[in-house]
Every structure is written in C-alpha cells, then in structure tokens.
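A.B. asks: As a plain string of letters, each chain reads:
Number of protein chains: 2
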Amino acid sequence: MPDQGLCIIISAPSGAGKSSICRRLLAACPELEFSVSYTSRTPRPNEVNGKDYHFISRDDFQRRIDQGEFIEWVENYSHFYGTSGKAVHDVLGRGKDLLLDVEPRGAKAIRGKLKGGIFVFVLPPSLDELLNRLQKRGHESPEAIQKRFTQAESELMEVLWYDYAVMNEDLETAVQQMIAIYRAEKCRTSRLHGKIDLLFHQVRKCS
Amino acid sequence: MPDQGLCIIISAPSGAGKSSICRRLLAACPELEFSVSYTSRTPRPNEVNGKDYHFISRDDFQRRIDQGEFIEWVENYSHFYGTSGKAVHDVLGRGKDLLLDVEPRGAKAIRGKLKGGIFVFVLPPSLDELLNRLQKRGHESPEAIQKRFTQAESELMEVLWYDYAVMNEDLETAVQQMIAIYRAEKCRTSRLHGKIDLLFHQVRKCS
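So the sequence lines, in the order shown, correspond to chains R and V. Numbered per the working numbering, the first sequence spans residues 1 to 207. Numbered per the working numbering, the second sequence spans residues 1001 to 1207.
These are calculated hints, taken from the structure and not from any lab test. Accuracy of the hints is not assured; some may be wrong.
For the chain V half of the interface with chain R, some residues (derived, Cβ under 7 Å), not all of them [to be verified]:
no.	residue
1	1044
2	1159
3	1162
4	1180
List time: in silico DSS-like cross-link candidates among lysine-lysine, alpha-carbon distance up to 25 Å [stated by the list, open to error]:
no.	chain 1	residue 1	chain 2	residue 2
5	R	96	R	113
6	R	186	V	1186
7	R	186	V	1136
8	V	1115	V	1205
9	R	186	V	1108
10	V	1147	R	205
11	R	205	V	1136
12	R	186	R	147
13	R	205	R	113
14	R	115	R	136
15	V	1096	V	1205
16	R	108	V	1147
17	V	1136	V	1086
18	R	115	V	1051
DEER-style ranges, computed between Cβ atoms [claimed, not checked]:
no.	chain 1	residue 1	chain 2	residue 2	range
19	V	1096	R	190	51 to 61 Å
20	V	1085	R	50	30 to 40 Å
21	R	126	V	1060	45 to 55 Å
22	V	1059	R	160	34 to 44 Å
23	R	112	V	1063	21 to 31 Å
24	R	202	V	1203	46 to 56 Å
25	R	129	V	1079	54 to 64 Å
Even glycine gets a Cβ: it sits at the ideal position worked out from N, Cα and C.
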C-alpha cells in the first residue's frame, strides 16, 4: 500500500494572484494533481468545465451538500463552491499529492478533517496593489470590485493560522517559494517512514 | 530591531555527504552564515583555521566548557567538538540566518535551547554506500573506518526526531532539497509577523 499523499491547501483574497501561482506550481511539479472544485456559478470566458471547476446547477449542488459529499463548501456572492471529500481521499489514498485551491472559510473547515494537510496563504504585497489587480481584471462592475476588496481585507486576517505565507510581490519569487514549500514538505521526517524503515532494516541485518 | 534569524541544524553520520551539501547550500544562499565550530583535534590537510573549525588546544577547550561557553559540545574519537552559544545568539540576534553542522548528540543538546531551530538529518542512500564512501576518503585506517561505520549505524536511528530528512542518493537532488527546506522555512507564517503586521496596519488605516 503506498504512503498517503501530501495535500497542499492554498488560499488568498481575490486579486492576490493565487491562480497564476497554482498554474505555475502544477507545471513545475507534474506529480502534483489539482483538485477541481464544484461550483454553481456560470463559467467565465476561457474557463473549462472539469478543468477549472465542475460547473453544476444550484439544485445539484444542494443535493450533494445534503448527501455530505463536500469536505468543505461555502456560499460566496450567491454561488456555491465546494470540494468533494471522496475525490480528495481517493487521490491521497493512491499516494498522489494534491493541490486544493480553497478560500479561507473553506480551508478552515478542511483543517480539522485532513491530518497532515499543509496550508499556504498568498498575500498581496499591499492593499493598493490588491485593489489595482482587482480593477485590472476587467470582468466585474465597480460595485462588485469594491465588495471583493472589502472581503479581501477581512480575509487577510486569516493568514495567521496558516502554516506558510507567500507574499506575491514578484510572481517568479512567489512561485519559487511555493515550489520550495512543496519540496520541503516532502522531506518531512514524518512523511519518509517508508524510506527510513528500509535503512533501519539494513542496520538490523548488519548487526 | 530586526526579526530573529533562522537557525538550521544539519546532522548526519560520517560519510553521508553532509559537508558537500553544506558547502553547496551556503554557495546558493549567500545570506546564510555558517557557524564555525571549535575543536581540539588537529586540522586535516586542506582544513583552514577559522573557516572549517576554530582549532584550539584541549586545555583551552576544557576551560571554555568550564565557563559554559558552548551551547553543545561532545567528545568524539578522543577529540572535543563544540559550538559557541554566544556566537550563535549574536548572529541570530542580528536577524541573520545561521547554518550549524552538528553531530546528532550535539544537535539533541541544542534542541531544547534554540526555539525555532530547524533540524535536518542527511541520510545515506544505503549502508553499503555509506561504507563505500567512508573507505574512499582515504585518510583513515581500516579500524577507524569500521569504528565510524558502527557509530554511523547507531546514529541513523536519531533521524526520527529531526524535522526533515534529506536522502543523499544524488548530491544535486539533495542540495536542491536543502535549499527548498531553507526557503520554505523562511515562509513560515510564524516568521513573517513583521511583513504581516505591515499589511494589517494598512487594513486598519483603510477601515
């Protein structure tokens, strides 16, 4: 039976640059799988069903909530977002590592349920820059942007309970830090018992 | 006042390749300082006083033990080895990061004294390879090599209480893992309170 995979949960306020970091991390570490969330919102231009999200109806989402399918789910701006607990445990059980892109409330819900999960928070370099990035996206009204910004401010406080914080001042540096966090966590002694047992077995044979 | 520096303590049985990894880590991360240990043994060819070790007499070493100068010291193969506590705290107090190359017994002594220290153990890929490397060094008698090998076997067990384990099967991979551990630990939320406070301060000003 393979060792349990490593689960990285990444969160950030809107506009901190989390999606770009996730894409780059996944490209650099092909052994890391991405957990595709479910949502009841409609796809944005360029979003692909089954890749960016599993886009399902509100009724379907509600039914899955009732059946306890989600390890975490939230309602945000009148849309549901959630992560399938079965999908997560299947991947980790196969010994594969998994990246979850989950907002702070959802991450908090997962925290008590996923032993050994690694929680990373992406910080914007400043609030001015965060607002600037939200405005540049260009697909939302000024009111929606202001609402996101206000929520982002309160979400920032959540960073304190995360294991790691990556400040996205420069994307390249932030990506390298994310990769380092993943690589380092793979070297945690507590995750290497298989390899270490093998060495100990040699010691016992020699003595 | 700068934030306290990060202290990485690296240990390994003789022949695991720790010194090469330390050299490469320091070259890749010039902001990381190396803690030069004290020893009462005579320098090997190519070893430089003040760089590889502070080479001092047995009497001088004993005097410094009596004065409580060492954060850890051990007697190994009839020679003393130790780390100056004052030097370590001076560097960390200046906000600089420090690498300590300390054998397992010494590392264990430091463990309770250095809050936030990161302990990394370098593992050989196998016991055969470890013996092979000890023999290749060429500056010790077969008896000395056998003694080191026997000690290495018992030291291997210590890996279990270390934070991280790096398996030195391929030097390049091991070096990259060491660098990742250092970079990742710099992103620990608990070490970033300065930067995070700055963001929170902006939030308070906005609201």
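A.B. asks: With reference to the structure, classify each hint as holding or not holding.
C.D. replies: So, going through the hints one by one against the coordinates:
Hint status for residue 1044 of chain V relative to chain R: violated, with the closest Cβ pair at about 28 Å, above 7 Å. For residue 1159 of chain V, the interface hint holds, since its Cβ comes within 7 Å of a Cβ in chain R; the closest pair sits about 6 Å apart. A distance limit of 7 Å between C-beta atoms decides the matter here; for residue 1162 of chain V the minimum to chain R is near 5 Å, and the interface restraint holds. Evaluation of the residue 1180 of chain V hint against chain R yields a held restraint, the C-beta minimum of about 4 Å falling below 7 Å.
Restraint check for residue 96 of chain R and residue 113 of chain R: the C-alpha separation of about 18 Å stays at or below 25 Å, so the hint holds. Using a Cα cut-off of 25 Å, the hinted pair residue 186 of chain R and residue 1186 of chain V holds, with the two alpha carbons roughly 16 Å apart. The suggested pairing of residue 186 of chain R with residue 1136 of chain V is violated, with an alpha-carbon distance near 31 Å, which exceeds 25 Å. With a C-alpha separation of about 34 Å, the suggested pair residue 1115 of chain V and residue 1205 of chain V falls outside the 25 Å cut-off, and the hint is violated.
For a cut-off of 25 Å, the pair hint linking residue 186 of chain R to residue 1108 of chain V stands: about 23 Å separates their Cα positions. With a C-alpha separation of about 18 Å, the suggested pair residue 1147 of chain V and residue 205 of chain R falls inside the 25 Å cut-off, and the hint holds. As the CA atoms of residue 205 of chain R and residue 1136 of chain V are separated by approximately 23 Å, the hinted pair is consistent with the 25 Å bound. Restraint check: the Cα-Cα separation between residue 186 of chain R and residue 147 of chain R comes to about 38 Å, which exceeds 25 Å; the hinted pair is violated.
Our distance criterion of 25 Å between C-alpha atoms is broken by residue 205 of chain R and residue 113 of chain R, whose separation comes to about 39 Å. Taking the CA atoms of residue 115 of chain R and residue 136 of chain R, the gap is about 38 Å. The hint is violated against a cut of 25 Å. Between residue 1096 of chain V and residue 1205 of chain V the CA atoms are separated by roughly 31 Å; this puts the pair beyond 25 Å, and the hint is violated. The hinted pair formed by residue 108 of chain R and residue 1147 of chain V fails the criterion: a straight-line CA distance of about 52 Å is larger than 25 Å.
Between residue 1136 of chain V and residue 1086 of chain V the alpha-carbon distance is near 37 Å, which puts this suggested pair outside the 25 Å criterion. Annotation: proposed proximity of residue 115 of chain R to residue 1051 of chain V is violated, straight-line Cα distance about 43 Å (limit 25 Å). Hint check: residue 1096 of chain V to residue 190 of chain R, Cβ distance near 29 Å, so the stated range 51 to 61 Å is violated. A C-beta distance of roughly 58 Å is found between residue 1085 of chain V and residue 50 of chain R, which places it outside the suggested range of 30 to 40 Å.
Separation of residue 126 of chain R from residue 1060 of chain V is about 53 Å and conforms to the stated range, judged on CB atoms against 45 to 55 Å. Distance hint for residue 1059 of chain V and residue 160 of chain R: a CB-CB separation of about 51 Å, inconsistent with the stated range 34 to 44 Å. Separated by about 54 Å at the C-beta atoms, residue 112 of chain R and residue 1063 of chain V break the suggested range of 21 to 31 Å. Taking 46 to 56 Å as the suggested C-beta distance range, the pair residue 202 of chain R and residue 1203 of chain V conforms, at roughly 55 Å.
Here the CB-CB span from residue 129 of chain R to residue 1079 of chain V is close to 55 Å, well matched to the stated 54 to 64 Å.
Of the numbered hints listed earlier, those contradicted by the structure are 1, 7, 8, 12, 13, 14, 15, 16, 17, 18, 19, 20, 22, 23.
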